[in-house]
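Peer 1: Below are the chains, spelled out letter by letter.
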Amino acid sequence: MIPSDERARLQRALEARDYFRRPPRVERGTHKEWLHFAVYAEGLDVLVNYSIVDDIRPRAPQGAELYRLTCIVREGAWDGDVDSWPQHSARVRGGSLDLSFGPNEVRFEGGAYLLRAKLKNRPIEVDLVLEPDAFPTEANNVNVEDGPPIHWMVAPRLRASGTVKHAGRTHVLVDAPAYHDHNWGSFGWGRNFAWEWGYTLPRDKDNPWTLVFVRLTDRGHRRMLMQGIFLWRAGSKERVFRDDEVELRHEGLLRPRSLLKIPRVMGLVSPGTAVDVPRRLTVTGRSRGDWVDFEFDSSDVAQVIIPNDDDLGVTIINEVSGDARVRGEVRGEAFGFQGRSMCEFLGA
Amino acid sequence: MPKPSFVRFLCRSLAVLDDELPRAYRAVADRLGRRSVAIRVDDEFVFVSAAGGRVHVSLVLAREPSVHLHTSRGEIRALVDGRRSLLDAMLEGRLELRGTVSDLIAFDGALMAYLHGAVRCPHFIELRDEYFKETPGRPTGAPAEREATEHVFRPQTQAT
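Top to bottom, those sequences are chains A and B.
Those letters in the first sequence? Residues 1 to 348, by this note's numbering.
Those letters in the second sequence? Residues 1 to 160, by this note's numbering.
The hints are simulated quantities; they were obtained by calculation from the structure and are not laboratory data.
Don't take each hint at face value.
Partial list, derived from the structure: chain B residues whose beta carbon lies under 10 angstroms from chain A [stated by the list, open to error]:
#: 1; residue: Arg23
#: 2; residue: Ala24
#: 3; residue: Gly82
#: 4; residue: Leu86
#: 5; residue: Val119
#: 6; residue: Arg120
#: 7; residue: Cys121
#: 8; residue: Arg128
Note that beta-carbon positions come from the ideal geometry of N, C-alpha and C, so glycine has one too.
Modelling step: build the complete structure from the supplied sequences, incorporating the hints.
Peer 2: Here it is as structure tokens:
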């Protein structure tokens with residue numbers, strides 16, 4: 001996808017943007033930072049998320065951090081968990097992308113991401129190398145309602161090779177489509193914000209287009225703070241639709257028969273199978289003669305349930321897999337593709 | 001390896017909650033109000049009550065319980081591991097709760113405050129793992145065991 005003479009420039013672009021921030025703490029911090037990876041192969045969706053967050057408990061020592069691995073695999077149904085690891089088991093270097101805790105590791109080395117993940121109590125093990133195929137983009141200083149801005153870096157298109165072990169089966173992946181982003185900022189879970197976000201990559205690996213969308217709203221989903229559709233073509237960002245050029249529409253509600261909630265204990269404080277996830281999501285962009293339509297049909301959902309920082313409530317991140325269709329036209333070039341997609345719907 | 005003890009787990013977990021997330025601990029006490037809860041896990045009996053913003057765990061009945069809870073260590077594990085919901089456990093008779101509607105609502109509020117606190121305190125993971133790893137042995141409800149357990153944990157539970 002990326003010409004070989006561009007590979008070195010792509011590597012430098014990622015090294016310059018994708019590194020751990022971990023600002024020094026001068027007071028009790030609310031810094032949060034995570035690396036999110038999604039991979040799909042035939043009949044298999046994989047999500048791996050490495051996070052570092054400040055320990056906000058009142059008596060936590062200065063500089064205390066919590067390390068977590070979130071890993072879910074979908075083979076017919078979602079399976080997975082969230083594992084916490086103590087600070088003394090972690091090794092991380094600010095200013096670079098090099099993190100390990102327990103058997104889990106993520107590094108950017110030689111122009112590729114190296115991922116290792118193994119859950120403590122579920123039979124899931126991931127060992128992958130992800131090679132980027134598109135230049136990253138950043139959305140810095142994204143305002144939220146009641147706190148400092150948050151930051152987002154997207155490397156939207158990668159090829160994943162290696163193994164995913166699940167429940168006694170070993171899946172060997174070769175150049176499977178993958179997505180990565182990196183988020184950081186100082187904020188509290190439960191504050192007045194929510195997001196909807198998703199990406200899709202073509203099933204046809206020769207199709208050069210990639211799409212990512214995001215919408216940030218207040219917690220009640222009543223007031224839009226920012227939204228955008230990002231389109232890449234042949235590894236370079238080709239077109240962005242922003243704010244009033246973008247419309248999102250929900251149709252129906254997904255009603256799963258069963259629902260994976262992680263960490264698993266969170267099912268006790270957030271029971272039930274009702275989810276605030278549309279059965280179909282349509283995102284459209286229109287601007288100066290260019291247009292794009294993204295249609296996403298939800299199929300399965302898993303919930304990552306996060307305790308709020310400032311109250312005894314929870315924030316629910318609905319991780320939704322499904323199939324997507326994209327059509328559009330940019331600068332006179334018509335395009336379209338179908339692919340697997342992952343969307344996130346964050347709710348209370 | 002010690003025998004599994006729900007009483008030990010409960011006392012230690014309340015001490016952790018009090019130390020690491022006092023607002024959740026206070027919420028447990030406030031929501032219990034003047035009620036007493038009788039808990040039976042396998043062959044262990046324990047009574048939980050609150051006064052003056054403190055949660056008290058006692059092996060001796062101080063006042064007539066408003067709520068009775070009966071379950072097993074295996075069922076607690078199924079709930080914590082997400083294999084069964086609290087509602088399903090009750091409907092299937094794996095966890096029994098008795099009390100008036102208002103007392104059960106108050107108990108649910110206290111239980112939720114305890115659980116919301118638990119999921120915010122990393123030390124709960126160690127306590128949970130310890131409780132579930134302990135080797136089953138002689139029932140811990142035997143008198144000698146009760147006495148020892150109460151003695152060990154009296155400073156943390158501030159029995160009335």
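Peer 1: It remains to establish, for every hint, whether it holds in the given structure.
Peer 2: For each hint, the structure was consulted:
1. Checking B/Arg23 against chain A by beta carbon gives a least distance of about 8 angstroms; that is within 10 angstroms, so the hint holds.
2. A hinted interface residue such as B/Ala24 counts as satisfied when its beta carbon comes closer than 10 angstroms to some beta carbon of chain A; here the least separation is about 6 angstroms, so the hint holds.
3. The criterion of a C-beta within 10 angstroms of any C-beta in chain A is met by B/Gly82, whose closest approach is roughly 3 angstroms, and the hint holds.
4. For B/Leu86, the suggested interface contact is upheld, since its CB lies about 6 angstroms from the closest CB of chain A, less than 10 angstroms.
5. The criterion of a C-beta within 10 angstroms of any C-beta in chain A is met by B/Val119, whose closest approach is roughly 5 angstroms, and the hint holds.
6. Checking B/Arg120 against chain A: minimum C-beta separation of about 5 angstroms stays under 10 angstroms; hint holds.
7. For the restraint placing B/Cys121 at the interface with chain A, the shortest Cβ-Cβ distance is roughly 7 angstroms, inside the 10 angstroms limit, so the hint holds.
8. Given hint, B/Arg128 at the interface with chain A, holds; its Cβ is 8 angstroms from that chain's nearest Cβ, closer than 10 angstroms.
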